[in-house]
Amino acid sequence: MAWRRIRFSRGSKPSAAAVLWLVAGALSVAVLAAAACGGSDAATPRGPFSVDVEDGTPVGGPQRFDVRRGDVVDLRVRADVSGDALVPGYELSRPVGPDEPTQLIFPADLEGVFDVRFRVGAAEVPVATLTVAP
Amino acid sequence: MVSLPLLHALGGRADLPIPVWLFGWGAGIVLVLSFVALASLWRRPRYEDVRPRPLDGPVSRALASRWAEGLAGLAGVFLLGVTVWAGLVGTDIVTDNFTPTFVFVIFWTGLVPLSILLGDVYRAFNPWRAIGRATGWLLSRGATGPPPEALPYPGRLGYLPAALGLIAFAWLELIARGGQTPRNLAAATLVYSGITFVGMALYGVEAWTARAESFSVYFGFFGRMAPFTRVDGRIAVRPFLSGLPSIERAPFLTLVLAAMLGTVTYDGFQEGSIWRDLAPSIQDGLDGAFGDEGARLFTEGLGLLGAIAVLWAFYQLGCVGIRRVTGGSARELADGFAHSLVPIASAYVLAHYATFLVFQGQGMGSLLSDPLGQGWDLFGTAHLGIDFGIINATQTWYLQVALVVVGHVGGLVLAHDRALARFRDGRAAWRSQLWMLGIMVAFTCFALWLLTQANR
Numbered sequence: 001m002a003w004r005r006i007r008f009s010r011g012s013k014p015s016a017a018a019v020l021w022l023v024a025g026a027l028s029v030a031v032l033a034a035a036a037c038g039g040s041d042a043a044t045p046r047g048p049f050s051v052d053v054e055d056g057t058p059v060g061g062p063q064r065f066d067v068r069r070g071d072v073v074d075l076r077v078r079a080d081v082s083g084d085a086l087v088p089g090y091e092l093s094r095p096v097g098p099d100e101p102t103q104l105i106f107p108a109d110l111e112g113v114f115d116v117r118f119r120v121g122a123a124e125v126p127v128a129t130l131t132v133a134p
Numbered sequence: 001m002v003s004l005p006l007l008h009a010l011g012g013r014a015d016l017p018i019p020v021w022l023f024g025w026g027a028g029i030v031l032v033l034s035f036v037a038l039a040s041l042w043r044r045p046r047y048e049d050v051r052p053r054p055l056d057g058p059v060s061r062a063l064a065s066r067w068a069e070g071l072a073g074l075a076g077v078f079l080l081g082v083t084v085w086a087g088l089v090g091t092d093i094v095t096d097n098f099t100p101t102f103v104f105v106i107f108w109t110g111l112v113p114l115s116i117l118l119g120d121v122y123r124a125f126n127p128w129r130a131i132g133r134a135t136g137w138l139l140s141r142g143a144t145g146p147p148p149e150a151l152p153y154p155g156r157l158g159y160l161p162a163a164l165g166l167i168a169f170a171w172l173e174l175i176a177r178g179g180q181t182p183r184n185l186a187a188a189t190l191v192y193s194g195i196t197f198v199g200m201a202l203y204g205v206e207a208w209t210a211r212a213e214s215f216s217v218y219f220g221f222f223g224r225m226a227p228f229t230r231v232d233g234r235i236a237v238r239p240f241l242s243g244l245p246s247i248e249r250a251p252f253l254t255l256v257l258a259a260m261l262g263t264v265t266y267d268g269f270q271e272g273s274i275w276r277d278l279a280p281s282i283q284d285g286l287d288g289a290f291g292d293e294g295a296r297l298f299t300e301g302l303g304l305l306g307a308i309a310v311l312w313a314f315y316q317l318g319c320v321g322i323r324r325v326t327g328g329s330a331r332e333l334a335d336g337f338a339h340s341l342v343p344i345a346s347a348y349v350l351a352h353y354a355t356f357l358v359f360q361g362q363g364m365g366s367l368l369s370d371p372l373g374q375g376w377d378l379f380g381t382a383h384l385g386i387d388f389g390i391i392n393a394t395q396t397w398y399l400q401v402a403l404v405v406v407g408h409v410g411g412l413v414l415a416h417d418r419a420l421a422r423f424r425d426g427r428a429a430w431r432s433q434l435w436m437l438g439i440m441v442a443f444t445c446f447a448l449w450l451l452t453q454a455n456r
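So the sequences go chain by chain: A and B. Per the numbering used here, the very first residue in the first sequence carries number 1; after that it's consecutive. Per the numbering used here, the very first residue in the second sequence carries number 1; after that it's consecutive.
No wet-lab data here; the hints were simulated from the structure. The beta carbon of each residue, even a glycine, is placed where N, CA and C say it ideally should be. Heads up, some of the hints might be wrong.
[To be verified] Which residues of chain B face chain A? A partial, calculated answer using Cβ under 7 Å: (1) Ala14; (2) Ile93; (3) Ala393.
[Unchecked claim] Computed list of chain A residues with no C-beta within reach of chain B, every gap over 10 Å: (4) Pro45; (5) Ser50; (6) Asp52; (7) Gly70; (8) Asp80; (9) Leu110.
[Unchecked claim] Now the in silico label distances, taken between C-beta atoms and shown as ranges: (10) A/Ala123 x B/Leu31: 54 to 60 Å; (11) B/Gly306 x A/Thr129: 24 to 30 Å; (12) A/Pro98 x B/Ala201: 53 to 59 Å; (13) B/Leu55 x A/Thr129: 37 to 43 Å; (14) B/Ser246 x A/Ser50: 58 to 64 Å; (15) A/Ser50 x B/Ser273: 18 to 24 Å; (16) A/Gly70 x B/Ala68: 46 to 52 Å; (17) B/Ile390 x A/Asp66: 58 to 64 Å; (18) B/Val310 x A/Ile105: 41 to 47 Å; (19) A/Asp66 x B/Arg156: 52 to 58 Å.
Required output: the full structure, derived from the provided sequences and hints.
Given below as structure tokens:
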């Protein structure tokens with residue numbers, strides 16, 4: 001019954017719709033404005049994170065590596081065929097071969113979830129996931 | 001053996017899941033806004049029968065002129081040609097070819113916010129409509145006289161072809177192996193063009209475009225949210241969202257909307273740990289019967305169709321609830337309130353794909369100069385890259401939650417307005433609102449929950 005009273009109260013004015021829109025709009029602007037740039041500046045070495053690729057697929061399935069923004073990532077990739085280890089987003093690419101494991105060391109300065117991929121020719125396979133949290 | 005799907009081959013950076021505390025805040029705000037709305041919204045329908053106000057002036061007339069439509073159509077046909085050509089002739093590397101970025105980022109994702117802000121711009125640029133109209137015009141002037149009358153569009157078919165097309169597109173994007181490769185995309189574009197031209201030839205260009213051409217229906221619904229439309233050769237303005245109540249009701253309207261919500265739901269859900277844990281078990285169980293790839297396709301197809309079916313069924317359930325209060329046909333009620341799902345669908349799409357558009361859209365800079373990935377630099381922009389630092393994770397979370405909340409408010413406003421128009425009895429309108437409110441809150445909280453599952 002309480003809801004009926006509210007629904008049919010004198011407070012129902014045509015301009016309430018505009019108020020609701022304003023509340024929603026102001027809320028959106030406020031939360032966007034409040035979005036502070038997070039992340040720690042302390043450079044903490046993280047890893048080494050190792051990925052072994054056999055027959056074009058990661059041994060044991062794709063792994064997930066978790067770091068925080070500002071960490072230094074130490075990523076090592078080995079493969080039984082020649083190709084390239086890639087971290088799109090960080091724009092990193094390094095050749096890998098059967099006798100040529102590679103090491104990528106880079107600061108995790110972009111937040112988000114990034115694939116680590118192995119590319120042979122035009123084919124790219126995700127071999128691990130790098131998650132950089134704020 | 002479980003194989004890895006290669007999803008979002010275009011992606012460089014994917015979104016972090018929103019934290020649980022933000023989910024709580026988002027859901028709390030949704031609930032508070034809903035009950036504030038219930039208590040204080042207007043008491044007479046305001047969005048039904050809104051007449052857009054045409055704008056005078058040369059700009060309004062020029063933008064809405066036949067010449068502008070013709071030019072836009074030509075641009076659309078040119079882009080369709082480049083999409084097919086680059087896909088067939090260009091490099092196989094997905095990120096270095098014009099076609100995947102254009103189809104999935106600029107067209108599929110970018111046209112959504114553009115339609116919401118500016119109206120149904122796709123209608124002008126629609127290459128299939130432009131070709132169909134031009135062909136009809138040429139035939140009518142030919143020596144053999146006017147072409148035969150088009151068949152009447154089968155009423156029972158309704159929006160079914162559009163819904164099936166949207167599901168097929170999602171299957172191509174999310175499930176088909178190699179669905180994002182340039183060559184397969186070009187082939188799919190040609191197949192879709194063929195189907196569209198046959199449909200237009202049989203039932204007429206406008207009839208096929210209005211009900212059956214998937215992208216016209218998809219972008220057309222979002223375009224009805226916009227404050228701009230075209231009336232009598234002029235640009236006209238109308239209140240935001242007021243184009244939605246006049247969506248044409250036809251069979252399978254709710255299926256199209258469920259497909260719009262469900263395809264994004266599946267895309268979000270399959271990124272999360274629940275589906276990643278569940279899918280391999282289903283896949284392993286089916287390996288013997290379907291083989292490796294067959295089991296994967298079956299499992300993921302089941303996920304996609306299951307997401308659409310669950311959302312469709314939940315909405316129908318809510319409408320059955322409304323019928324208990326108001327009487328009438330549940331199906332008729334479902335169609336009557338379906339338009340209020342469009343802002344919620346827009347929230348699903350924008351929240352899920354906002355960063356995809358912001359990041360991958362930048363890739364178009366270099367692709368315009370080198371569409372085939374062969375080292376060209378037509379406009380001097382081939383060196384442009386993607387700045388993945390343009391928006392950080394925290395800002396992304398707030399943006400996503402804000403989009404979902406605003407979409408929810410839009411849905412509430414429309415559902416409330418329709419209830420007032422339908423049920424003259426204030427008590428029935430109010431009680432029907434409780435059911436619809438429940439559906440809206442559930443859809444919105446589900447959208448927020450999906451964001452907590454992103455790439456978890």
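Results of checking the hints against the structure:
no. : hint                            : verdict
1   : Ala14                           : holds, 4 Å
2   : Ile93                           : holds, 5 Å
3   : Ala393                          : holds, 4 Å
4   : Pro45                           : holds, 22 Å
5   : Ser50                           : holds, 19 Å
6   : Asp52                           : holds, 15 Å
7   : Gly70                           : holds, 12 Å
8   : Asp80                           : holds, 17 Å
9   : Leu110                          : violated, 5 Å
10  : A/Ala123 x B/Leu31: 54 to 60 Å  : violated, 48 Å
11  : B/Gly306 x A/Thr129: 24 to 30 Å : holds, 25 Å
12  : A/Pro98 x B/Ala201: 53 to 59 Å  : holds, 57 Å
13  : B/Leu55 x A/Thr129: 37 to 43 Å  : violated, 50 Å
14  : B/Ser246 x A/Ser50: 58 to 64 Å  : holds, 60 Å
15  : A/Ser50 x B/Ser273: 18 to 24 Å  : holds, 23 Å
16  : A/Gly70 x B/Ala68: 46 to 52 Å   : holds, 51 Å
17  : B/Ile390 x A/Asp66: 58 to 64 Å  : violated, 23 Å
18  : B/Val310 x A/Ile105: 41 to 47 Å : holds, 45 Å
19  : A/Asp66 x B/Arg156: 52 to 58 Å  : holds, 53 Å
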